[in-house]
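Participant: Each residue of the sequence shown is one higher than the one before, starting from 1 at the first, in full-length UniProt numbering.
Everything labelled a hint here was simulated from the structure, so no lab data went into it. Heads up, the beta-carbon is just placed ideally off N, CA and C, and yes, glycines get one too. Don't take every hint at face value.
Simulated pairs of lysine-lysine, DSBU-like, Cα-Cα distance not exceeding 35 Å [claimed, not checked]:
id, residue 1, residue 2
1, K203, K272
2, K121, K203
3, K121, K272
4, K121, K3
5, K272, K3
Simulated restraints, written as ranges between beta carbons of each label pair [unchecked claim]:
id, residue 1, residue 2, range
6, S151, E196, 16 to 26 Å
7, P232, P174, 18 to 28 Å
8, I136, A107, 41 to 51 Å
9, A139, G119, 31 to 41 Å
10, L37, A218, 31 to 41 Å
11, Q277, P31, 36 to 46 Å
12, N285, T35, 34 to 44 Å
13, P31, S151, 26 to 36 Å
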Amino acid sequence: MAKPDILCIGSVLWDVIGRSAAAMRLGSDVPGRITRLPGGVALNIAMTLRRFGVVPALLSSVGRDTEGEELIARCAQLGLVTDHIYRSADLPTDVYMAVEGANGLIAAIADAHSLEAAGDKVLRPLSDGRLGDAEIPYAGMIALDGNLTESLLSQIADSPLFAVADLRVAPASPGKAERLLPLLTHPRATLYVNLEEAGILAKDSFATAADAAAGLLARGAARVLVTDGGNPCAEGTSGAGVITAQPPQVMVTRITGAGDTFMAAHIVASRKSIPRQDALDRAINAAADYVSGEIGS
Numbered sequence: 001m002a003k004p005d006i007l008c009i010g011s012v013l014w015d016v017i018g019r020s021a022a023a024m025r026l027g028s029d030v031p032g033r034i035t036r037l038p039g040g041v042a043l044n045i046a047m048t049l050r051r052f053g054v055v056p057a058l059l060s061s062v063g064r065d066t067e068g069e070e071l072i073a074r075c076a077q078l079g080l081v082t083d084h085i086y087r088s089a090d091l092p093t094d095v096y097m098a099v100e101g102a103n104g105l106i107a108a109i110a111d112a113h114s115l116e117a118a119g120d121k122v123l124r125p126l127s128d129g130r131l132g133d134a135e136i137p138y139a140g141m142i143a144l145d146g147n148l149t150e151s152l153l154s155q156i157a158d159s160p161l162f163a164v165a166d167l168r169v170a171p172a173s174p175g176k177a178e179r180l181l182p183l184l185t186h187p188r189a190t191l192y193v194n195l196e197e198a199g200i201l202a203k204d205s206f207a208t209a210a211d212a213a214a215g216l217l218a219r220g221a222a223r224v225l226v227t228d229g230g231n232p233c234a235e236g237t238s239g240a241g242v243i244t245a246q247p248p249q250v251m252v253t254r255i256t257g258a259g260d261t262f263m264a265a266h267i268v269a270s271r272k273s274i275p276r277q278d279a280l281d282r283a284i285n286a287a288a289d290y291v292s293g294e295i296g297s
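Please take these sequences and the hints and turn them into a complete structure.
Facilitator: Here you go:
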């Protein structure tokens, strides 16, 4: 079993994405392409980390159905550590479905019910000695996503199993952003959110990513990164203020997975102790390359 450089905890599922070159609205029926790819926030982050030479281990729930066996095999082919994934014979493999047009994401549905039903079973490797336990908790970097339930995220926020880890946290979507509230003021957590998600967490509205970063710091966050599409993104660190970066202008060919790519690229830069501004620039450029199609799925 390969020793992981980072743990990615959250959704590991199939992405079913319909993309069209046409602008779409409610009720549109247009030609396009439909693809099925390994996905989920935790898996997207892990796949990007692996492309950058980092070895991630996945902690999630994947069924023992045909879809699950295929997904585990694909993850192994990609060089991801799957030994710690909770495998249930009773829970089906989760799936995410999205429709994207020339004017962006039209709609998406995340069926992550199996991950939610598995609950703290996905965390067993952190308590049974495989990756750590209460006496010697895991001391490395952990990427968490908001597909975990709010109760489980609350448990993580107070758990001694996570007391010394470097936590990197992202919501799965604006609809699940509130689940991260228990981790907002965690002293070892870095939050990766978009402008809408930042507003939900702060229970406020912000005009810019820089405003949002400052607002979250004011509410007790230790470190935050806020993106806003093609507008400037921001990174805020408690006691060190807020910095910004302007994304390069690119032709957008896909949206799903862009935030995960941004987060993964920033994590890689952080592991190399790259200065704050350079790390932010690298992350936003990696996300731009992804949405333009220059980085493979």
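Participant: State for each hint whether it applies.
Facilitator: Now the hints, each set against the structure:
no. : hint                      : in the structure
1   : K203 <-> K272             : 34 Å, holds
2   : K121 <-> K203             : 31 Å, holds
3   : K121 <-> K272             : 32 Å, holds
4   : K121 <-> K3               : 21 Å, holds
5   : K272 <-> K3               : 18 Å, holds
6   : S151 <-> E196: 16 to 26 Å : 24 Å, holds
7   : P232 <-> P174: 18 to 28 Å : 20 Å, holds
8   : I136 <-> A107: 41 to 51 Å : 45 Å, holds
9   : A139 <-> G119: 31 to 41 Å : 24 Å, violated
10  : L37 <-> A218: 31 to 41 Å  : 39 Å, holds
11  : Q277 <-> P31: 36 to 46 Å  : 43 Å, holds
12  : N285 <-> T35: 34 to 44 Å  : 25 Å, violated
13  : P31 <-> S151: 26 to 36 Å  : 43 Å, violated
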